[in-house]
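Add chain B to chain A, keeping to what the hints say.
This is what each chain is made of:
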Amino acid sequence: MCGIAGAFAYHGMLDQRHHKVVRNLNQWQAHRGPDGEGFWSSEDRTAVFGHRRLAIIDTGPSGAQPMSDITGRWSITLNGEIYNYRALRRELEILGRKFATNSDTEVLINAIAQWGEEGLRRLRGMFAFALWDDQEKELWLARDPYGIKPLYLAETQDVLWFASQARALSDCAPISSKRDAAALVGFYLWGSVPEPFSWWADVRPLPAGHFKRICPSSKRAHSRQYYSISAQLASPSTHAMSGGSFRNVIADSVQHHLVADIDVGVFLSAGIDSNVIASLASAKTRGLKTITLAFGEYKGTSNDEAPLAELAAKSIGSVHQTVRIGKSEFEELLPDFFKKMDQPTIDGLNTYLVSRVAAQHGLKVVLSGLGGDELFGSYPSFRQIPRLLKLAPLAPIVVPIGRLVDRVSRELFPSSLPSKLPSVLAYSGNILDAYMLRRCVFLRESLDLLLDRSWIEEGFVRLHEAGSQEAILEPLQRASVHAQISALESCCYMRNQLLRDADWAGMAHGVEIRVPYVDRVVIEAIGPWIASKDPPRKSDLAKVSDQLPREMHERPKTGFLTPAHRWVTGDPKSRRGLAQWTNIVPRLMRSGLARSATAI
Amino acid sequence: MRFAEFNAIMLLTDGFGGFGGISQFNKDFLTALDRSKVVTRTFAFPRLIRHTIREEIPESVVYFRAAASGKFSYFHQVMRGLNLSSNIDLVICGHIHLLPLAFLASQTKRARLALIVHGIEAWHPTRHPIANRIASRVDTVIAMSRLSAERFQEWSDVPTDRIFVLGNSIDLDRFTPLPRDPLLAARYGLEGAKVIMTLGRLSKSERYKGVDEIIDIIPSLLAEIPNLKYLVVGDGDDCGRLQEKADGLKLSKNVIFAREIPEAEKIAHYSLADAFVMPSSGEGFGIVLLEAAACGVPVIGSAIDGSREALLGGALGMLVDPHNPDALRQAILETLRTRLSKRRPQGLETFATPSFQAKLGYWLETQAKPAATLAA
Numbered sequence: 001m002c003g004i005a006g007a008f009a010y011h012g013m014l015d016q017r018h019h020k021v022v023r024n025l026n027q028w029q030a031h032r033g034p035d036g037e038g039f040w041s042s043e044d045r046t047a048v049f050g051h052r053r054l055a056i057i058d059t060g061p062s063g064a065q066p067m068s069d070i071t072g073r074w075s076i077t078l079n080g081e082i083y084n085y086r087a088l089r090r091e092l093e094i095l096g097r098k099f100a101t102n103s104d105t106e107v108l109i110n111a112i113a114q115w116g117e118e119g120l121r122r123l124r125g126m127f128a129f130a131l132w133d134d135q136e137k138e139l140w141l142a143r144d145p146y147g148i149k150p151l152y153l154a155e156t157q158d159v160l161w162f163a164s165q166a167r168a169l170s171d172c173a174p175i176s177s178k179r180d181a182a183a184l185v186g187f188y189l190w191g192s193v194p195e196p197f198s199w200w201a202d203v204r205p206l207p208a209g210h211f212k213r214i215c216p217s218s219k220r221a222h223s224r225q226y227y228s229i230s231a232q233l234a235s236p237s238t239h240a241m242s243g244g245s246f247r248n249v250i251a252d253s254v255q256h257h258l259v260a261d262i263d264v265g266v267f268l269s270a271g272i273d274s275n276v277i278a279s280l281a282s283a284k285t286r287g288l289k290t291i292t293l294a295f296g297e298y299k300g301t302s303n304d305e306a307p308l309a310e311l312a313a314k315s316i317g318s319v320h321q322t323v324r325i326g327k328s329e330f331e332e333l334l335p336d337f338f339k340k341m342d343q344p345t346i347d348g349l350n351t352y353l354v355s356r357v358a359a360q361h362g363l364k365v366v367l368s369g370l371g372g373d374e375l376f377g378s379y380p381s382f383r384q385i386p387r388l389l390k391l392a393p394l395a396p397i398v399v400p401i402g403r404l405v406d407r408v409s410r411e412l413f414p415s416s417l418p419s420k421l422p423s424v425l426a427y428s429g430n431i432l433d434a435y436m437l438r439r440c441v442f443l444r445e446s447l448d449l450l451l452d453r454s455w456i457e458e459g460f461v462r463l464h465e466a467g468s469q470e471a472i473l474e475p476l477q478r479a480s481v482h483a484q485i486s487a488l489e490s491c492c493y494m495r496n497q498l499l500r501d502a503d504w505a506g507m508a509h510g511v512e513i514r515v516p517y518v519d520r521v522v523i524e525a526i527g528p529w530i531a532s533k534d535p536p537r538k539s540d541l542a543k544v545s546d547q548l549p550r551e552m553h554e555r556p557k558t559g560f561l562t563p564a565h566r567w568v569t570g571d572p573k574s575r576r577g578l579a580q581w582t583n584i585v586p587r588l589m590r591s592g593l594a595r596s597a598t599a600i
Numbered sequence: 601m602r603f604a605e606f607n608a609i610m611l612l613t614d615g616f617g618g619f620g621g622i623s624q625f626n627k628d629f630l631t632a633l634d635r636s637k638v639v640t641r642t643f644a645f646p647r648l649i650r651h652t653i654r655e656e657i658p659e660s661v662v663y664f665r666a667a668a669s670g671k672f673s674y675f676h677q678v679m680r681g682l683n684l685s686s687n688i689d690l691v692i693c694g695h696i697h698l699l700p701l702a703f704l705a706s707q708t709k710r711a712r713l714a715l716i717v718h719g720i721e722a723w724h725p726t727r728h729p730i731a732n733r734i735a736s737r738v739d740t741v742i743a744m745s746r747l748s749a750e751r752f753q754e755w756s757d758v759p760t761d762r763i764f765v766l767g768n769s770i771d772l773d774r775f776t777p778l779p780r781d782p783l784l785a786a787r788y789g790l791e792g793a794k795v796i797m798t799l800g801r802l803s804k805s806e807r808y809k810g811v812d813e814i815i816d817i818i819p820s821l822l823a824e825i826p827n828l829k830y831l832v833v834g835d836g837d838d839c840g841r842l843q844e845k846a847d848g849l850k851l852s853k854n855v856i857f858a859r860e861i862p863e864a865e866k867i868a869h870y871s872l873a874d875a876f877v878m879p880s881s882g883e884g885f886g887i888v889l890l891e892a893a894a895c896g897v898p899v900i901g902s903a904i905d906g907s908r909e910a911l912l913g914g915a916l917g918m919l920v921d922p923h924n925p926d927a928l929r930q931a932i933l934e935t936l937r938t939r940l941s942k943r944r945p946q947g948l949e950t951f952a953t954p955s956f957q958a959k960l961g962y963w964l965e966t967q968a969k970p971a972a973t974l975a976a
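Same order as they appear, the protein sequences are chains A and B.
Residues 1 to 600 in the working numbering are what the first sequence lists, from first letter to last.
Residues 601 to 976 in the working numbering are what the second sequence lists, from first letter to last.
Bound conformation, chain A alone (with noise of 0.2 Å):
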């Protein structure tokens, strides 16, 4: 994993002035990829990439980057890993297909040599890639299924500009910083800002599972999908996976993610997501690190995750290792986890602090069980939105009711509410409404104290414009309400807020964070399961372990709790995690780091 950045003109050439601001796009993201840099430009100079390295595979110059294959055809600046590039190496051989070197990169450009569009459909891995065809003079720009790896778009006049966080991009590039009202909205609706849009107006994210084509003559190529998440969820299979297929499609994407050239570990926490991770790793891995995270505040209580990811640490035989992190060195670290945020977001410190963890002890690439609950159905969001859409066939009584229940009971008793209690029946009416209900930060009713109306007003315009949340539904129609909640989880929350998290928190300390159960590979073997009338749960996960403690089964789902709001604000009542954070974060991110590039 590391940082891409780059610029390709539309029209004319590129000249020294964009060579700088793609340097100073490659210095703002050094801290992606502490390796190595790399600067490249095309002959005919319409297009120049930069490269930052965190080596992981073909560790030495040979996989440097940005590469050109061996017939100088091609040339790429890669940020992920093809975890089946030895499989895809051997066909491509087998077509004629010449290696010089032993790295994924090279395999990804063979890949897309020998089968164009096709290729993105073969390949298995997080990955954003940006790649030149020197013969048909035109950039490809393409990303990961899921979204795991981001890639983020700003374009001027003449200039098409990329990186993988978009405030370098916002910092470096010459363009505006003007605030996207979608993603303000966005911001306090859902405590991350929603895919298509960015925090900030001039910068996109190409979209999870697209890619692009631009040559000068196309000029502003629209994306396109070649894959879709949620179109694995769309065909119910009639029975449950037998155990032993469900054991080897976990186990095989195990196997997958622990390719590397140097050392994996795994994250650990209390819960059956990553110790089935860990278990499956240890079985191939011989002295496999895992790490738990875990706070001296919690000692001796029942939040405090140590105790249990140790006992399960030593049933694995993992050289394990377990952290505790107090309030004073907390503080010292928040100046530097707001400096580092790509993004405005609620969450992401966990990951933070973990990866930090994980870098002091010599690692590079982690394991978590990040997508566990999604693809098992594990967030309370499966159980509540099923209930509450139980009214749904009532919805044109309900609803209205629902309303003036919602106005009167905010006027009446104003702070003695919890906030969403009044707005139960009025979002009962739909799937999208109770996803937003469960998944909102604050509730559409609650933004006019926190935003001022042109701003809310413009925000869902461009939010209900972009429609993602019912292009996410669309093949869905016919689908289980199950498998419309784990559309919505895997492509809102989970792309949006943990893996984006988990990409630029863990890249703040140069650690590469995989997630064996965000696989195109995994869902398109479980998803059919998924879909049916009786889905897998996490009991069904726990058996594919035969390692895990007794008491971790009996262990309520608690989610990652940390005491950071109560350490900021003082405040004993304060709840768990940092939604509260939602007011405080844009502020603390913009404190935290000034401009700090020269634009053109």
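Simulated from the structure, these hints should not be mistaken for lab results.
Just so you know, these numbers come straight off a predicted model, no measurement behind them.
Just so you know, even glycine gets a beta-carbon here, dropped at the ideal spot from N, CA and C.
Please note: incorrect hints may appear among the correct ones.
[Unchecked claim] With a cut-off of at most 30 Å between alpha-carbon atoms, the simulated DSSO-like pairs for lysine-lysine come out as follows: (1) A:K178 - B:K959; (2) B:K709 - B:K942; (3) A:K98 - A:K137; (4) A:K327 - B:K637.
[Stated by the list, open to error] Not everything, but these chain B residues come out facing chain A in the computed CB check (under 7 Å): (5) E605; (6) I657; (7) E659.
What follows is chain B alone, placed relative to chain A:
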């Protein structure tokens, strides 16, 4: 880095969707609150919105438009806002007439109270005895000029250590020298004329802008400069009287009243002038003097009110005693006879937006510190 929330309420006369110096100051002030590293959110309650709001509201400002629908609505909306917002750390009163309500808000929320003193409105006790009594209890007086602060102190007895002289802000990227627009000049019949100009509200109750004083000396100026024209920009209930006065002196062709102009045409109007003249006697600061100077127009201001501070004691323009017609006449003649290309005076940066924001930001940081730290 401060981690906890810090919210502010601002009661103001007008701001976004408004026109004039106080409106502009309030917009600049709210923008500066947004840019500060301290303030999480500002709830702003305007008493008046004159036009459809076309400006972008800063993202951490919630502008309660419903408050601008009469006295009752204003009171209701402020009370509703107080009820809904959990913690308020600072109440900013944008005009002394709003002080009783601001005081109530600060007491209700146990928040610090800051009063903004623009100028003449606070030079003497107001007609509202409650406001006058509360005036000494504010935690900070944010004054546009040292003169206004001193005048306010004279009757309110606010201790000197509670005074914060902020000054005004000017956007030097927006107010820039431009050539005279021939179409606009034709609109007022100014082709080939030497133009002096005043811009401001023409109010019966506030006859301190010095327009009378200028009209009085126009005949003698015409003897020296026959093609002289005086352009008066701005509207108000005193406009008719001034027009009659000019007509009575047979100056209707030489004194032109442009009335209220759109904000977007302001810079083009400054650019019509060969000299901007405002011999005022009650100006708290005189932002228009700086706007004209930023547009490269030579400026003549008053030596006896807040204009002296705005013009940095004469560094940014000439200072005259408005009650001395000869001095005023000489200053205008000297300025019009000195042919200079449009050029900004050195020193305007003192009032540039970044300086204003930095100054306010520094003060806000002192407000955000715990009381104990402040005391220490």
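Hints, verified against the model:
1. Restraint check for K178 of chain A and K959 of chain B: the C-alpha separation of about 24 Å stays at or below 30 Å, so the hint holds.
2. The suggested pairing of K709 of chain B with K942 of chain B is violated, with an alpha-carbon distance near 51 Å, which exceeds 30 Å.
3. Taking the CA atoms of K98 of chain A and K137 of chain A, the gap is near 22 Å; set against the 30 Å cutoff, the hint holds.
4. The suggested pairing of K327 of chain A with K637 of chain B holds, with an alpha-carbon distance near 23 Å, which does not exceed 30 Å.
5. Look at E605 of chain B: its Cβ gets to within about 6 Å of chain A, closer than 7 Å, so that hint holds up.
6. Interface hint status for I657 of chain B: upheld, as the beta-carbon distance to the closest one in chain A is roughly 4 Å, under 7 Å.
7. A hinted interface residue such as E659 of chain B counts as satisfied when its beta carbon comes closer than 7 Å to some beta carbon of chain A; here the least separation is about 6 Å, so the hint holds.
Of the numbered hints given earlier, the model fails hint 2 alone.
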